[in-house]
Amino acid sequence: MISAHRLTKRFGGFTAVDSIDVEVRRGEAFGFLGPNGAGKSSTMRMIGCVSPPSDGSLRILGLDPARDGPAIRARLGVVPQRDTLDEELTVRENILVYGRYFGLSRAHVRAKADELLEFAQLTDRADSVVEPLSGGMKRRLTIARSLVNDPELLLLDEPTTGLDPQARHVLWDRLFRLKRSGVTLVLTTHYMDEAEQLCDRLVVMDGGRIVAEGSPRELIALHATREVLELRFAADDHAPYAAKLTDLAQRVEVLPDRLLLYTDDGDATAAAVQRRGLAPLSVLARRSTLEDVFLHLTGRTLVD
Amino acid sequence: MATTHAQPREGRMAGRAFAYWLTNYRRVWQGTIISGFLGPLFFLAAMGFGLGSLVDGGGLGAPGYVEFIAPGILAAQAMQTAVGESTFPVMGALKWQRQYHAMLAAPLGVADLVLGHVAFVAMRVAITSVAFAVVAVALGAITSWWVLLAVPAAILTGLAFTTPVFAFAARQDNDAGFNVLFRFIVMPMFLFSGTFFPVEQLPGVLEAVAKVTPLWHGVELCRSLVLGTATAAGSLGHVAHLALWAVGGLWLAFASFRKRLVA
Chain A
1 MISAHRLTKR FGGFTAVDSI DVEVRRGEAF GFLGPNGAGK SSTMRMIGCV SPPSDGSLRI
61 LGLDPARDGP AIRARLGVVP QRDTLDEELT VRENILVYGR YFGLSRAHVR AKADELLEFA
121 QLTDRADSVV EPLSGGMKRR LTIARSLVND PELLLLDEPT TGLDPQARHV LWDRLFRLKR
181 SGVTLVLTTH YMDEAEQLCD RLVVMDGGRI VAEGSPRELI ALHATREVLE LRFAADDHAP
241 YAAKLTDLAQ RVEVLPDRLL LYTDDGDATA AAVQRRGLAP LSVLARRSTL EDVFLHLTGR
301 TLVD
Chain B
305 MATTHAQPRE GRMAGRAFAY WLTNYRRVWQ GTIISGFLGP LFFLAAMGFG LGSLVDGGGL
365 GAPGYVEFIA PGILAAQAMQ TAVGESTFPV MGALKWQRQY HAMLAAPLGV ADLVLGHVAF
425 VAMRVAITSV AFAVVAVALG AITSWWVLLA VPAAILTGLA FTTPVFAFAA RQDNDAGFNV
485 LFRFIVMPMF LFSGTFFPVE QLPGVLEAVA KVTPLWHGVE LCRSLVLGTA TAAGSLGHVA
545 HLALWAVGGL WLAFASFRKR LVA
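Protein chains in written order, with my numbering: chain A, 1 to 304; chain B, 305 to 567.
It should be emphasised that the hints constitute simulated quantities derived from the structure, not laboratory data.
Any given hint could turn out to be false.
Claimed, not checked - With a straight-line Cα cutoff of 20 Å, these simulated EDC-like cross-link-like pairs (lysine to aspartate or glutamate) come out: (1) Lys179(A) / Asp150(A); (2) Lys399(B) / Glu23(A); (3) Lys515(B) / Glu504(B); (4) Lys138(A) / Glu115(A); (5) Lys179(A) / Asp206(A); (6) Lys399(B) / Glu87(A); (7) Lys399(B) / Asp479(B); (8) Lys563(B) / Glu314(B); (9) Lys399(B) / Asp150(A); (10) Lys112(A) / Glu152(A); (11) Lys179(A) / Glu88(A); (12) Lys399(B) / Glu88(A); (13) Lys179(A) / Glu158(A); (14) Lys112(A) / Asp124(A); (15) Lys179(A) / Glu23(A); (16) Lys179(A) / Glu118(A); (17) Lys399(B) / Asp83(A); (18) Lys563(B) / Asp124(A).
Unchecked claim - Across the chosen pairs, the derived CB separations fall in these ranges: (19) Trp172(A) / Trp555(B): 45 to 53 Å; (20) Ile338(B) / Glu118(A): 51 to 59 Å; (21) Arg25(A) / Ile338(B): 23 to 31 Å.
None of the values given here were measured: they were computed from a predicted structure.
Glycine included, every Cβ here is placed at the ideal spot set by N, Cα and C.
Construct the entire structure; sequences and hints are all you get.
In structure tokens form, the structure reads like this:
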């Protein structure tokens with residue numbers, strides 16, 4: 001579906017995307033994970049054929065974006081980072097207007113709109129204007145709208161950023177259904193849980209480069225331990241505690257407010273910490289996540 | 305620099321962008337027609353019939369002052385509608401509501417969305433120009449059948465402003481520049497480009513400046529048509545001048561939009 005080779009995007013002297021290789025296969029959910037400024041959105045804009053690559057090659061649906069941009073976009077769905085809804089039109093009108101951009105007939109779009117409103121759970125709000133709707137509803141409308149042309153490939157740039165947890169779960173559920181119905185999903189996110197929930201495969205981006213690639217499970221297995229023990233001490237500086245504990249874990253990360261001990265058995269490690277006579281304020285043993293992968297790969301946390 | 309290939313078919317989907325603006329307009333059209341009528345009507349009443357009674361008392365003879373300024377206001381109103389519709393709505397579609405971004409995510413290209421929006425502005429200018437012409441004829445301020453050509457002339461005047469202002473608007477980071485545009489370009493043109501008095505009354509240099517503004521050509525074109533003083537050569541000259549602004553502006557608008565949206 002997407003094939004990028006040494007894909008590069010420069011803005012003046014700044015390199016936003018630095019020679020990345022990406023292959024996305026039909027039917028999979030593929031993620032670009034990374035902090036703000038990692039180059040995710042620039043990559044998405046190139047894939048969406050609204051930003052010409054500075055270097056490298058890019059094929060989408062087997063076509064060349066530089067030559068066949070409109071033909072590719074006719075088969076894409078795009079959920080941009082910031083909604084581009086017309087807030088003064090109604091929910092239904094937004095879909096109707098958008099469908100017309102694809103040259104679809106009025107009758108077709110009208111029928112399609114009913115189906116999409118149902119899918120987005122917005123049927124009862126169909127005729128209200130968009131402006132007063134909640135963030136989650138607007139996001140669902142943006143997704144519904146992006147499906148008006150029955151896209152083969154759906155691009156989602158930070159689909160749930162700024163939504164409350166419940167709204168995010170509703171949205172994830174809708175995206176799961178789409179994936180099951182055979183739509184290829186490509187999404188960017190700086191949320192680990194989102195990447196783990198939705199993505200079959202993902203690349204971790206940092207500073208315009210790809211620093212790791214694989215399924216969430218593979219990445220965790222490769223770059224983290226099975227479990228993590230989080231310790232919080234009554235101290236401003238956690239580094240001295242780390243020195244006393246390095247032999248208890250495969251790796252120790254020092255964060256401003258806590259220590260992370262990478263280990264295969266969190267509870268056993270916690271017991272060992274207790275035996276050393278150290279008394280942390282709080283102890284939490286948990287599964288490793290992509291957050292830990294990112295920390296290991298870049299030495300930084302994802303969300304500052 | 306990036307390789308920006310020309311899209312060979314761009315512009316053919318402008319109708320789809322136009323359809324959006326039309327949908328958008330359906331919500332507010334009554335209001336725009338009323339304000340489109342009233343503004344020029346006040347000018348006709350105050351300047352034409354009010355001030356005009358003093359001017360005509362000076363024994364200038366035919367045409368009366370109201371007949372002199374009615375075609376001028378027709379052109380000036382076209383300018384004001386065009387500039388108004390090409391500033392805030394363009395900024396909104398770029399930055400606030402971001403409709404242009406939605407269009408670009410669909411198969412539409414930059415040329416489609418510029419041409420579609422420009423066509424919509426031309427339609428808005430057409431509506432206000434027809435409305436004004438109807439009022440002016442009803443009040444006896446315009447009495448010639450040539451008004452049927454003066455209306456298209458006013459639309460062309462509007463286009464001569466629309467496309468350069470599109471280009472200008474797409475280069476603004478915020479709407480502060482629009483105040484400068486209205487106060488220091490549109491308003492002086494409105495007052496000094498022949499709408500209310502012949503530019504020959506101005507000091508030599510200013511007269512020369514006035515005569516290169518698109519509004520002066522629009523005013524002269526409309527006025528000479530309805531007052532029956534038009535010559536083929538003169539009218540063609542005005543049309544060519546206005547068309548040059550419209551086409552040159554369109555070229556600049558394409559470049560500005562591309563720079564802003566497709567980077």
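Each hint, compared with the structure:
A distance of roughly 13 Å separates the Cα atoms of Lys179(A) and Asp150(A); the hinted pair therefore holds under the 20 Å criterion. Between Lys399(B) and Glu23(A) the CA atoms are separated by roughly 33 Å; this puts the pair beyond 20 Å, and the hint is violated. About 10 Å separates the Cα atoms of Lys515(B) and Glu504(B), which keeps this hinted pair within 20 Å; it holds. For the proposed pair Lys138(A) and Glu115(A), the alpha carbon gap of about 17 Å is at most 20 Å, so the pair holds.
A threshold of 20 Å between alpha carbons decides the hint, and for Lys179(A) with Asp206(A) the separation of about 27 Å lies outside it, so the pair is violated. Proximity of Lys399(B) to Glu87(A) is assessed by CA-CA distance (about 13 Å); at most 20 Å being required, the pair is judged to hold. Restraint check: the Cα-Cα separation between Lys399(B) and Asp479(B) comes to about 10 Å, which is no more than 20 Å; the hinted pair holds. With a C-alpha separation of about 16 Å, the suggested pairing of Lys563(B) with Glu314(B) holds against the 20 Å cut-off.
Between Lys399(B) and Asp150(A) the alpha-carbon distance is near 28 Å, which puts this suggested pair outside the 20 Å criterion. For the hint pairing Lys112(A) with Glu152(A), the CA-to-CA distance comes to about 16 Å; that is within 20 Å, so the pair holds. The suggested pairing of Lys179(A) with Glu88(A) is violated, with an alpha-carbon distance near 31 Å, which exceeds 20 Å. For the hint pairing Lys399(B) with Glu88(A), the CA-to-CA distance comes to about 15 Å; that is within 20 Å, so the pair holds.
At most 20 Å may separate the alpha-carbon atoms for a hinted pair to count; Lys179(A) and Glu158(A) meet this at roughly 17 Å. For the hint pairing Lys112(A) with Asp124(A), the CA-to-CA distance comes to about 16 Å; that is within 20 Å, so the pair holds. Of the pairs offered as hints, the one joining Lys179(A) and Glu23(A) holds, with about 18 Å between alpha carbons and a cut-off of 20 Å not exceeded. Our distance criterion of 20 Å between C-alpha atoms is met by Lys179(A) and Glu118(A), whose separation comes to about 17 Å.
For the hint pairing Lys399(B) with Asp83(A), the CA-to-CA distance comes to about 11 Å; that is within 20 Å, so the pair holds. For the hint pairing Lys563(B) with Asp124(A), the CA-to-CA distance comes to about 41 Å; that exceeds 20 Å, so the pair is violated. Between Trp172(A) and Trp555(B) the CB atoms are about 47 Å apart, so this pair conforms to the stated range of 45 to 53 Å. About 40 Å separates the C-beta atoms of Ile338(B) and Glu118(A), a value inconsistent with the hinted range of 51 to 59 Å.
As the Cβ distance of Arg25(A) to Ile338(B) is approximately 58 Å, the hint placing it in 23 to 31 Å is violated.
Figure legend: structure checked against the earlier numbered hints; hints not met, in rising order: 2, 5, 9, 11, 18, 20 and 21.
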